[in-house]
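> Residue numbers (full-length UniProt numbering), protein chains in the order written: chain A, 1 to 188; chain B, 1 to 233.
For the record, the hints were derived by calculation from the structure and aren't laboratory data.
These figures come from a predicted structure and were not determined experimentally.
Be aware that one or more of the hints could be misleading.
In the EDC-like style, the derived pairs of lysine to aspartate or glutamate whose C-alpha atoms are separated by at most 20 Å in a straight line are [what the hints assert, rightly or not]:
{"hint": "1", "chain 1": "A", "residue 1": "K172", "chain 2": "B", "residue 2": "D75"}
{"hint": "2", "chain 1": "A", "residue 1": "K94", "chain 2": "B", "residue 2": "E125"}
{"hint": "3", "chain 1": "B", "residue 1": "K32", "chain 2": "A", "residue 2": "D43"}
{"hint": "4", "chain 1": "A", "residue 1": "K68", "chain 2": "B", "residue 2": "D212"}
{"hint": "5", "chain 1": "A", "residue 1": "K64", "chain 2": "B", "residue 2": "D87"}
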Amino acid sequence: MAAQSDPQGSEFSAAELEFLAEDEMIEIVPNMRMESLNLISGDFGPFHPQISTQVPLWLAMALKKRGKCTIRPPEWMLVEKLMQVLEAERDSQKSFQPLPFHYVEISRLLFDHARDDIPDIYMVRSLIEDIKDVRFYKIGTGLEVISQRTTALKLNHLTAMEVNIVRPFLVKALQTFNKLDNPEIHKS
Amino acid sequence: MESGAGEGSSSMFSTADDDESLKSTTDADLLKRAWRTEKTAPEILHIEANLVQRSLEQIQLMEDTVEDFINNGVDPLIVSLSQMDLDRTMFLLRSYLRIRLQKIEKYMIHIHKTTELWNQLSKQEQTFANRCIKDLEEHFDKSVLSKLPDRYKSSLKQSVISEEDDMVPEPQLDTYVICRTNRSLGALQLDNRRNLLSCSGVEDPVDLNTNDLYAVRYKSIKPLVYCGQINLV
Numbered sequence: 001m002a003a004q005s006d007p008q009g010s011e012f013s014a015a016e017l018e019f020l021a022e023d024e025m026i027e028i029v030p031n032m033r034m035e036s037l038n039l040i041s042g043d044f045g046p047f048h049p050q051i052s053t054q055v056p057l058w059l060a061m062a063l064k065k066r067g068k069c070t071i072r073p074p075e076w077m078l079v080e081k082l083m084q085v086l087e088a089e090r091d092s093q094k095s096f097q098p099l100p101f102h103y104v105e106i107s108r109l110l111f112d113h114a115r116d117d118i119p120d121i122y123m124v125r126s127l128i129e130d131i132k133d134v135r136f137y138k139i140g141t142g143l144e145v146i147s148q149r150t151t152a153l154k155l156n157h158l159t160a161m162e163v164n165i166v167r168p169f170l171v172k173a174l175q176t177f178n179k180l181d182n183p184e185i186h187k188s
Numbered sequence: 001m002e003s004g005a006g007e008g009s010s011s012m013f014s015t016a017d018d019d020e021s022l023k024s025t026t027d028a029d030l031l032k033r034a035w036r037t038e039k040t041a042p043e044i045l046h047i048e049a050n051l052v053q054r055s056l057e058q059i060q061l062m063e064d065t066v067e068d069f070i071n072n073g074v075d076p077l078i079v080s081l082s083q084m085d086l087d088r089t090m091f092l093l094r095s096y097l098r099i100r101l102q103k104i105e106k107y108m109i110h111i112h113k114t115t116e117l118w119n120q121l122s123k124q125e126q127t128f129a130n131r132c133i134k135d136l137e138e139h140f141d142k143s144v145l146s147k148l149p150d151r152y153k154s155s156l157k158q159s160v161i162s163e164e165d166d167m168v169p170e171p172q173l174d175t176y177v178i179c180r181t182n183r184s185l186g187a188l189q190l191d192n193r194r195n196l197l198s199c200s201g202v203e204d205p206v207d208l209n210t211n212d213l214y215a216v217r218y219k220s221i222k223p224l225v226y227c228g229q230i231n232l233v
């Protein structure tokens with residue numbers, strides 16, 4: 001009857017995460033003139049050639065696909081900044097660097113649709129892959145900290161995709177520790 | 001990841017999420033928040049009836065506008081962008097309602113029994129739930145229950161000697177959810193049964209700082225979710 005992306009309904013599918021990420025704002029430089037758009041999600045424009053403006057990512061992608069604009073990659077996607085982040089990620093054993101919540105989804109969308117707007121795209125791509133890998137590894141080791149005494153867990157600076165991937169395991173693990181710890185609270 | 005007090009580093013990367021509390025929340029944002037919360041919460045939450053109504057009206061308005069655009073020969077780019085926006089909003093609304101229906105299907109008898117939860121459904125959802133319950137009971141009755149010996153015929157209890165309705169599935173309220181607060185909520189008593197300082201766990205109470213992600217038990221933060229102070233992720 002009520003179809004869902006996953007039978008439990010509490011996990012976001014990758015497509016849904018991308019949907020959420022597509023509402024993030026990004027800067028574009030239109031190459032045409034267009035009047036303001038009054039949409040349900042908000043009001044954007046008016047669009048003048050060579051004058052940059054902020055629009056949601058989905059709108060930017062649509063305009064880019066039709067060749068109506070160029071995209072200005074966000075500040076955090078520059079090679080120097082990413083290198084700093086990667087360094088810092090590798091240096092600290094336990095803590096994560098602050099990154100935009102949807103950095104994976106945003107970077108993926110930009111790579112797919114706006115390759116020519118990103119300087120040093122191969123470098124950027126490989127840096128982001130490395131950052132992802134280091135963070136995942138840290139998540140794995142970080143999860144070992146869960147024990148029966150853990151009532152809450154702080155997941156500082158984790159991003160949307162990482163949260164979604166870790167969620168099923170985390171929930172089950174914490175619940176199981178809870179159950180084994182306090183049998184009288186356990187509901188069948 | 002730390003299960004303890006951690007440093008708060010100031011972020012160079014400000015995202016839309018950081019500015020959420022400063023922007024005025026549009027209906028689109030509210031709908032997104034309602035969708036997210038409903039998806040991650042283990043039990044059914046209060047229906048945002050006004051929001052649903054307003055969204056429906058806005059969608060209707062937008063549909064009419066797009067039709068006008070097409071009839072008046074407006075730039076097809078604008079038409080297609082408006083259509084995309086329309087599709088996105090409709091997806092949010094539909095998914096929100098579908099998640100709720102799914103939860104009703106899963107826990108219909110429990111919701112029916114609990115007045116507090118029952119009042120959180122919209123009128124149409126209540127009708128739906130009633131029909132569902134009737135259909136399910138009929139189905140169980142015809143296929144199995146009527147053929148069982150007398151003491152085991154109820155669809156709510158395992159047998160006549162059960163004290164409560166133990167055949168009714170209930171949502172697991174002590175499941176863990178991942179959440180984030182808008183404002184610093186200070187110390188929160190999360191778990192009453194343990195007041196021990198442990199080497200690896202968090203000492204009770206827990207400090208909830210702004211914009212940090214926490215995995216906590218849903219039961220402990222339920223009232224805060226209801227009044228909107230905590231966002232589920």
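> Does each hint fit the structure? Answer for all of them.
Right, here's what the structure says about each hint:
For the suggested pair K172 of chain A and D75 of chain B, the alpha carbons sit about 52 Å apart, so the restraint of at most 20 Å is broken. With a C-alpha separation of about 46 Å, the suggested pair K94 of chain A and E125 of chain B falls outside the 20 Å cut-off, and the hint is violated. Taking the CA atoms of K32 of chain B and D43 of chain A, the gap is near 17 Å; set against the 20 Å cutoff, the hint holds. The suggested pairing of K68 of chain A with D212 of chain B is violated, with an alpha-carbon distance near 38 Å, which exceeds 20 Å.
Distance hint between K64 of chain A and D87 of chain B is fulfilled; the C-alpha atoms sit about 19 Å from each other, no more than 20 Å.
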